[in-house]
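Whenever a hint applies, use it, and build me the whole structure from the sequences.
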Amino acid sequence: MNRLFSSILTGLVVLITAYPFAWMFLSSFKTNREIYQPGKMLPESFDPFAYKLLFSGELFDFSSVLVRSLLLAGGQAFFACLVTAATGFALAKGRFRGKSLLFWAALLIILYPKQAMSLALFEWMARLEITGNLYGLMLSGVASGLGVIFFTQVFRKVPDELIDLAKVEGQGPLFCFFTLLPLIFPALCTYGILHFFLCWQEHLLPLLTLGSVQLTLPLALAKLGDSSYNTPEAVGLAAGVLAMLPLLLLFCYFFRRVRSALADWVVS
Amino acid sequence: MPNKRAGRLWDNSGSFLLLISPFLLAWAFFWVVPLFTGVDLAMQESHQFSGPVSGTGYTHSPFSNFERAINDPKFIHSLENTSLFIVGSILITLGLSFFLAVSVYELNKKIQGICLFFLLIPSFALPGSLATLFYLFFHGKSGALNQFLVIPLGFDPINWMMDPSWILPCLVLQAVWRWTGVITLVLYCGIRAIPHWQFEVARIEGASAWSKVRTILFPGTRHLLLFAGIFLLVDGVAAFSGAYNLLGGSGGVLDAGLLFVTYAYQVAFPGGSGRFDLPLASAACVLVAGTTACFAWLLLQVRKHMRN
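Protein chains in written order, with our numbering: chain A, 1 to 268; chain B, 1001 to 1308.
Worth flagging that the hints you see were computed from the coordinates, not collected in a lab.
Heads up, a few of these hints could be off.
What the hints assert, rightly or not - List time: in silico PhoX-like cross-link candidates among lysine-lysine, alpha-carbon distance up to 25 Å:
hint	chain 1	residue 1	chain 2	residue 2
1	A	Lys157	B	Lys1304
2	B	Lys1304	A	Lys99
3	B	Lys1212	B	Lys1141
4	A	Lys99	A	Lys40
5	A	Lys167	A	Lys157
6	B	Lys1212	A	Lys40
7	A	Lys99	A	Lys157
8	B	Lys1109	B	Lys1212
9	A	Lys52	A	Lys40
All values derive from a computational prediction rather than experimental measurement.
Have a look at this one:
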């Protein structure tokens, strides 16, 4: 394609996708009157009243919402990494019965839309009486099919010589798996971030199980958007900015690693 | 999954079973059991018909909830909306991402990373903030869509959320906005993986841009396009948060923006029409999710076939 045309097309789309977020950040300092003029970019004054209102606890305890979301997404991503990496290792390097069954199970988890399972999962958790429990919710997302498939491909690329070495040394698969973990650190980061993203944005299941007292970020945002609360628009935008921040920072830090891990995955 | 190097695999079933046991436990406990709970729930008699209401000619059979779902015009309507939503977002997202990936690939190396990063920004936002942002920035008479697109083209400003024919396109637009960056990144990596000599040959032969797309770029990325399509399909069936924030849990004017998960949520829980009819919602979920999984599996088989 013509290089000029490519540059213009890319520039235009980048502008359309990213510009509203700059507007969102600046508008979190604006009054409603200013916000209702979307053509306007800069606020009249940088008054962080919306952030102050959020953290003052007048609406709801926003800092604990933030902590809860971080705990939920971080914990779930950590355990999902560990659990699915172990399964991926077994699938890539081991011989045992029911291997293909395990692979299909993982695939099925991906293909069966998770939200459609939420109602049944809620019913099941209610029978177990663990609704309202953050740790129950955390564990419910640990069995990730995407993780299993991803780590199977990652461990397939680990040279068999390393496994042979472990065998010669008289180590078992369990020990071998834990010694290999530093080697696949970029892949662990990549999947960890991805899982963190997905869990961070999960809306329906927390809505059903945690109820109206223990909010996570998506629920808090929906609450702020609800017109019956009558909060200034800037507060919702400020909450949106704060919700984006952890993901943005994580991604900035790991961008190269994620890209190279993704490029590896695309080839396999 | 067949493994070519089966001879070199490690024989130590006991330890490997120990390694996979956490996954198996979590899978059984939070996936298999809920799946059967869902099916079980779908076969139970709804509270709507128990008590004094029963005996009005309604007899319960294990499949009557499924029948009721299929005969519910709202369910069918939500399916129509969801299908349109999925088809629209898949076509636009894949097309746009493909051309963006090609365009970014043609750019200077240093700018490539920056462009990809900026394109990814919408996927960091919660779907809820996308909805809020959409509502405040794009929507409305003085919103960006009307100011920069509709009015300059000489049309009357559109009332996006109140006009039933525009609600669904708004939701599609949000999905496109959210996913284009991610899919562009995947396709970009796919293009980078195409052997460089193919482009050299095309350059020497003086191939046109179109024939380059047709003979190199498309065949080199079509398995990824299909993969992205499957991902968007499964995600589209499950779409909830954006519509929930934009329409407050309702289906919008004339239910024009009623997506499937919102329907199930409405049937199961109060708010909106709130029917507390968990069995009916469960039956609808089992039907739709089962069909989606089968369809996606078929597509995966196509992908496998394509790669061999």
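List, from low to high, the hint numbers that the structure doesn't satisfy. 3, 4 and 6
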